[in-house]
Amino acid sequence: MAPPTEEQAMLKSVLKYEVATGNPLRPGENRSHSYFETLSQQRDLPIMQVEIFNKFLRLYKDNQVVVVAAETGSGDSIQLTKRIMYLELDKGLQVVCTQPSPDAARELGERVAAELEVTFGEQVGVQYRKYNKTKKQTRLKFVTDGMLLQQIGNNPTMVGCSCVILDLNEQTINVDPLLALLKKALALRSDLKVVIISAAESEKPASYFNVPQIFKIERCSFPVQIQYINEADPDYCETAFHLVQQIHETEAPGDILVFLASKPQVNRAVKKLRGAIPDMETFPLHGRLSEAEKAKALCSGEKRRCVITTSIAESSVAVDGIVYVVDCGVEMESVFNPRVKMHTIQAAPISKSSADQRAACAGRSQPGLCYRLYTMKTYDETLLEVSPPSLLKDCFTTAMLALKSAGIDSVGTFDFLDPQQEEVYLRGLEDLKAMSLIDENGTVTRAGKAAATLFIDLTWHNAFEEAIRLGCLSELIDIAALASVKNPIILKPHETQHTDDASQLPDHLAQLNIMYTYLNRHRDMSSRELATWCHEAFLSQASLHEALDLRLGLVGWCKANFRVSEIPFLTPGDKDYHDKIRKALAKRSAHHATISDVPQQPDQHHKMEDPPKQ
Numbered sequence: 093m094a095p096p097t098e099e100q101a102m103l104k105s106v107l108k109y110e111v112a113t114g115n116p117l118r119p120g121e122n123r124s125h126s127y128f129e130t131l132s133q134q135r136d137l138p139i140m141q142v143e144i145f146n147k148f149l150r151l152y153k154d155n156q157v158v159v160v161a162a163e164t165g166s167g168d169s170i171q172l173t174k175r176i177m178y179l180e181l182d183k184g185l186q187v188v189c190t191q192p193s194p195d196a197a198r199e200l201g202e203r204v205a206a207e208l209e210v211t212f213g214e215q216v217g218v219q220y221r222k223y224n225k226t227k228k229q230t231r232l233k234f235v236t237d238g239m240l241l242q243q244i245g246n247n248p249t250m251v252g253c254s255c256v257i258l259d260l261n262e263q264t265i266n267v268d269p270l271l272a273l274l275k276k277a278l279a280l281r282s283d284l285k286v287v288i289i290s291a292a293e294s295e296k297p298a299s300y301f302n303v304p305q306i307f308k309i310e311r312c313s314f315p316v317q318i319q320y321i322n323e324a325d326p327d328y329c330e331t332a333f334h335l336v337q338q339i340h341e342t343e344a345p346g347d348i349l350v351f352l353a354s355k356p357q358v359n360r361a362v363k364k365l366r367g368a369i370p371d372m373e374t375f376p377l378h379g380r381l382s383e384a385e386k387a388k389a390l391c392s393g394e395k396r397r398c399v400i401t402t403s404i405a406e407s408s409v410a411v412d413g414i415v416y417v418v419d420c421g422v423e424m425e426s427v428f429n430p431r432v433k434m435h436t437i438q439a440a441p442i443s444k445s446s447a448d449q450r451a452a453c454a455g456r457s458q459p460g461l462c463y464r465l466y467t468m469k470t471y472d473e474t475l476l477e478v479s480p481p482s483l484l485k486d487c488f489t490t491a492m493l494a495l496k497s498a499g500i501d502s503v504g505t506f507d508f509l510d511p512q513q514e515e516v517y518l519r520g521l522e523d524l525k526a527m528s529l530i531d532e533n534g535t536v537t538r539a540g541k542a543a544a545t546l547f548i549d550l551t552w553h554n555a556f557e558e559a560i561r562l563g564c565l566s567e568l569i570d571i572a573a574l575a576s577v578k579n580p581i582i583l584k585p586h587e588t589q590h591t592d593d594a595s596q597l598p599d600h601l602a603q604l605n606i607m608y609t610y611l612n613r614h615r616d617m618s619s620r621e622l623a624t625w626c627h628e629a630f631l632s633q634a635s636l637h638e639a640l641d642l643r644l645g646l647v648g649w650c651k652a653n654f655r656v657s658e659i660p661f662l663t664p665g666d667k668d669y670h671d672k673i674r675k676a677l678a679k680r681s682a683h684h685a686t687i688s689d690v691p692q693q694p695d696q697h698h699k700m701e702d703p704p705k706q
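Whatever position you read off the sequence shown (first residue = 1), add 92 for the numbering used here.
For the record, the hints were derived by calculation from the structure and aren't laboratory data. Keep in mind that the hints are not guaranteed to be accurate.
To be verified - No more than 25 Å apart at the CA atoms, straight line, and that leaves these computed lysine-lysine pairs for DSS-like: (1) Lys-153 / Lys-275; (2) Lys-104 / Lys-147; (3) Lys-153 / Lys-108; (4) Lys-108 / Lys-285; (5) Lys-363 / Lys-578; (6) Lys-541 / Lys-675; (7) Lys-296 / Lys-275; (8) Lys-395 / Lys-444; (9) Lys-651 / Lys-222; (10) Lys-444 / Lys-308; (11) Lys-675 / Lys-525; (12) Lys-444 / Lys-355; (13) Lys-388 / Lys-355; (14) Lys-578 / Lys-222; (15) Lys-276 / Lys-183; (16) Lys-363 / Lys-386; (17) Lys-296 / Lys-444; (18) Lys-285 / Lys-147; (19) Lys-469 / Lys-444; (20) Lys-296 / Lys-276; (21) Lys-275 / Lys-183; (22) Lys-227 / Lys-651; (23) Lys-541 / Lys-525.
Use the sequences and the hints to build the structure in full.
Given below as structure tokens:
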């Protein structure tokens with residue numbers, strides 16, 4: 093009998109851990125009956141098929157880098173990650189998996205921990221910003237790509253990690269510098285593995301890492317009929333509304349997935365459809381929903397379901413059971429204008445790749461139908477093949493500082509996945525120098541090294557520094573925390589019930605007053621009373637809690653980086669209370685401020701640090 097091949101031995105090792113009665117991550121504890129029931133259901137996923145997984149094992153064995161092209165819902169994000177962890181378990185090192193956002197990292201970590209029947213924060217953990225739910229025994233860690241970029245700057249060879257799994261289904265500005273640093277780490281560590289997962293664009297990272305073969309996971313899909321409109325209507329939300337009504341009234345049973353451009357559009361459409369079609373269950377699905385709210389959208393009921401979503405359902409979330417897709421063909425994108433040094437949020441056409449992914453959502457469980465609210469000519473002649481990379485659309489300042497802090501001095505000529513836009517690069521250098529985070533030679537200063545470790549926007553570093561001088565660091569930390577939460581703390585326009593707290597103060601000071609009022613109520617009220625008060629005052633208790641958690645992290649960061657033992661604060665009776673806070677806030681954006689009081693040129697603005705000579 094021939095000895096087993098190396099791939100067979102690797103598969104046997106994975107299955108040994110996967111089907112063991114005892115939990116390999118918690119010695120002495122047995123797995124439950126529900127674990128094996130769930131595992132049995134997961135066997136139908138493509139990555140769980142022996143023949144498909146063996147192909148992955150061959151590539152994993154022979155290469156440092158494996159690029160995985162996987163359709164949404166193929167099981168790659170969870171099942172492949174778990175199996176890679178089993179492959180690396182005997183080494184006693186961590187497997188690190190990136191996600192594009194803190195919510196995605198936490199939600200995926202919680203789900204994997206539940207499936208593995210371990211305590212979240214122990215064997216499976218998550219880390220982002222100053223939230224660190226990991227321990228020494230953590231074997232699988234989910235992080236944001238920004239967090240990993242910061243960590244690899246301090247740990248260039250990824251000591252303590254055996255494999256990095258990069259989820260590139262939603263690319264951020266951190267992806268290019270992160271790939272560049274991982275490429276450097278791979279050259280220094282032959283035992284380090286990198287697995288890159290992408291639903292849309294796998295050829296580019298494969299070429300970047302000289303990967304000879306892409307591992308493709310294809311789901312068994314059904315045919316999808318595409319229907320275009322003869323003439324596009326600028327009011328695509330209204331067109332989508334009437335089309336959903338038509339589908340519900342005339343088409344066979346089947347759930348509907350509608351792609352709109354933004355969260356406000358989604359919320360308005362949900363409200364309108366719920367009122368117009370009460371016998372259909374309509375749900376929103378976007379990145380700012382809680383996990384519980386997302387779960388509602390992902391579960392089919394007895395009635396026809398209609399899910400109104402943004403681009404999140406293209407590659408990040410699999411919505412099963414969809415038969416009809418309505419695609420508006422538009423998405424909201426943030427674009428950095430280096431000439432005015434500002435981001436603009438604008439509506440833009442999606443790419444052909446995105447359009448194809450959206451259409452594929454209709455054919456996962458049965459033949460489907462995709463209605464595109466644009467013409468065939470638009471698809472053929474106007475849409476780009478793929479969306480432009482984040483490096484060409486976003487501000488590069490933070491990523492540049494991270495690279496320089498990691499010892500990459502010549503960022504302008506560094507080997508990135510996508511070529512840099514020269515003007516964006518030069519503006520980044522200009523900003524870093526104006527903030528005194530690099531010196532005249534482009535070397536990172538002491539302030540720059542500290543700012544590179546800041547887990548919120550690095551421009552807050554100079555505001556904190558000024559606040560120490562003015563004695564209002566506590567107030568600035570609170571404002572920074574409030575400004576850095578995912579969702580606003582105010583749920584309704586401020587002319588409602590917070591006008592007493594907000595008064596006529598600017599937004600930052602108004603929110604500061606709201607936080608202090610909330611803390612006072614927190615001391616005097618029960619949990620139920622506090623929740624009721626927040627509801628009646630149109631305040632998000634979840635966002636306020638998030639801000640308070642951030643505040644704790646920022647206090648620790650300031651003490652460590654500014655070497656202060658106590659956090660100075662102002663007394664309410666200080667006659668310059670508001671002015672001191674405003675001055676510290678102004679320091680945050682002084683490098684972008686302009687003056688216009690030049691008598692000779694009243695219609696022109698000039699940068700504050702370089703006003704024209706009189």
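Hints, one by one, checked against the model:
For the given pair, Lys-153 sits about 18 Å from Lys-275 by alpha-carbon distance, which is consistent with the 25 Å threshold. With a CA separation close to 14 Å, the supplied pair Lys-104 and Lys-147 stays within the 25 Å bound. Between Lys-153 and Lys-108 the CA atoms are separated by roughly 18 Å; this keeps the pair inside 25 Å, and the hint holds. Proximity of Lys-108 to Lys-285 is assessed by CA-CA distance (about 22 Å); at most 25 Å being required, the pair is judged to hold.
Of the supplied pair hints, the one linking Lys-363 and Lys-578 holds, its CA atoms being roughly 23 Å apart against a limit of 25 Å. Distance check on the hinted pair: Lys-541 and Lys-675 sit about 24 Å apart at the alpha-carbon level, within 25 Å; holds. For the proposed pair Lys-296 and Lys-275, the alpha carbon gap of about 14 Å is at most 25 Å, so the pair holds. At most 25 Å may separate the alpha-carbon atoms for a hinted pair to count; Lys-395 and Lys-444 exceed this at roughly 32 Å.
A distance of roughly 14 Å separates the Cα atoms of Lys-651 and Lys-222; the hinted pair therefore holds under the 25 Å criterion. About 20 Å separates the Cα atoms of Lys-444 and Lys-308, which keeps this hinted pair within 25 Å; it holds. Pair hint Lys-675 plus Lys-525 holds up; C-alpha atoms about 21 Å apart against a cutoff of 25 Å. This hinted pair checks out: Lys-444 and Lys-355 have alpha carbons roughly 22 Å apart, not beyond 25 Å.
Between Lys-388 and Lys-355 the CA atoms are separated by roughly 17 Å; this keeps the pair inside 25 Å, and the hint holds. The hinted pair formed by Lys-578 and Lys-222 meets the criterion: a straight-line CA distance of about 14 Å does not exceed 25 Å. Restraint check for Lys-276 and Lys-183: the C-alpha separation of about 22 Å stays at or below 25 Å, so the hint holds. Taking the CA atoms of Lys-363 and Lys-386, the gap is about 17 Å. The hint holds against a cut of 25 Å.
Annotation: proposed proximity of Lys-296 to Lys-444 holds, straight-line Cα distance about 16 Å (limit 25 Å). Annotation: proposed proximity of Lys-285 to Lys-147 holds, straight-line Cα distance about 16 Å (limit 25 Å). As the CA atoms of Lys-469 and Lys-444 are separated by approximately 12 Å, the hinted pair is consistent with the 25 Å bound. Proposed proximity of Lys-296 and Lys-276 is supported: the alpha carbons are some 17 Å apart, at most 25 Å.
The straight-line distance between the Cα atoms of Lys-275 and Lys-183 is roughly 22 Å, inside the 25 Å bound, and the hint therefore holds. Distance check on the hinted pair: Lys-227 and Lys-651 sit about 24 Å apart at the alpha-carbon level, within 25 Å; holds. Simply put, Lys-541 and Lys-525 have alpha-carbon atoms about 13 Å apart, close enough for the 25 Å limit, and the pair holds.
The structure does not agree with numbered hint 8 stated previously, though it agrees with all others.
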